[in-house]
Amino acid sequence: MSAGPDYTLYHPRWYRRRVSVWWWLQNRAYTGFVLRELTSVFVAFFALVSLWQVRALVQGPDAYAAFLARLGTPLFLVLHGVAFLFVLFHAVTWFNLAPKALVVRLRGKRVPDRVIVGTNYAAWLLLSAAVAVILLRG
Amino acid sequence: MPATVALSVTRYRPEQESEPTVQTYEVPFRKDWVVLDALNYVKDRLDGSLSYRWSCRMGVCGSCGMKVNGTPKLTCAAFLSDYLPGPVRVEPLDYFPIVRDLVVDLTDFMQKLAKVKPWIIREDEKPLAEGEYLQTPDQLDAYKQFSMCINCLLCYSACPIYGLEPTFVGPAAIALAQRYNMDSRDQGARERLEILSGKDGIWECTFVGECTKVCPKHVDPAGAIQQYKLSGAVHWVKSLLLPRGGR
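Read top to bottom, the protein sequences are chains A and B.
According to our numbering, the residues represented by the first sequence are 255 to 392, in order.
According to our numbering, the residues represented by the second sequence are 306 to 552, in order.
Treat the hints with care, as some may be off.
To be verified - Lysine to any residue pairs mimicking SDA-like chemistry, simulated, CA-CA at most 25 angstroms apart:
#  : chain 1 : residue 1 : chain 2 : residue 2
1  : B       : 522       : A       : 359
2  : B       : 518       : B       : 382
3  : B       : 534       : A       : 346
4  : A       : 363       : B       : 443
5  : B       : 422       : B       : 437
6  : B       : 534       : A       : 372
7  : B       : 518       : A       : 356
8  : B       : 518       : B       : 362
9  : B       : 534       : A       : 351
10 : B       : 522       : B       : 491
11 : B       : 422       : B       : 511
Treat the hints as calculated values from the structure; they're not laboratory data.
Extracted from the complex, chain A is given alone in its bound form (with noise of 0.2 angstroms):
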């Protein structure tokens, strides 16, 4: 934590108040904030995950055996299970913010915030459904 401001130094009378450690337990929304924040770790864990993959990839057939047989342990399943979780609330928190940055005008009447929401959410369900057909037709 940085030194608080200067304008306190000839009044040292004022009372300033400490911020708790456990400041985002106060309330509710701190909370989903601080989780959605460690949401970014899970992601991370994905992306490398991805990183592994293509490297296992790169080194031939028998290195993405091992790669496979390694995800299919009860330690990576569980792991994807969380981080799926994860995952999904820092997508659909993410989404349901979307509107806060961007403001799009049309015709100089700004698009509601439902619109912009849903906009992301069908971008979304089309990319996933892209990927579902890459997939299972190959």
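Starting from the known structure of chain A, arrange chain B on it as the hints suggest.
Leaving out everything else, chain B in the frame of chain A:
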């Protein structure tokens, strides 16, 4: 309906005590009373030594911001009936130093507000004789929401980032900077860029979003900050890719 309601108020009398304490007053309950009415009752009838700020009692002046049952509120707009059966907990706004009882010092915000230059900046003023700078209703609409800020500072009290990093410029000051950045008459966005994109600016914000929830004027400071992040990032990419630095 109860005849009275308990009001638990933070007291801090620096000449007597080194830490804030809580004092409970029993005040009459009336359907049309807000927390500020109850505080005024205490001051008038029970304990004249209680200190707090208020002025307009109609949500315009922004003086009576306090925490009611843990949530930053304008006490003139917080009806006692919403907090039954009580006790109603009244505390000073978080993260500002307490001067006395419910009064906090706002100097920090005032200094930050001045730093973002919340006024119309022109590269060239046109002569008075040419008349005013005209604006269409759509152009007004682009920034009007941000101009509704009454500097009540509920948003700072709701922002844990401001609590953890006191040098953060903060929600209201950034929203007010955006109010001028998005004004079609203003040409000062570049002058505000340094403070807004600097180390205490928008990038300190991790989008908790509580500032927008507590804002009594629906200013949406969280939205203002995220929109500025987006335009700031676009500006940065342009300055990287375009020969003329995205001017």
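Exercise for review: Could you tell me which of the numbered hints above are not met by this structure, giving the numbers in increasing order?
Suggested key: Checked against the structure, no hint fails, so every one of them is satisfied.
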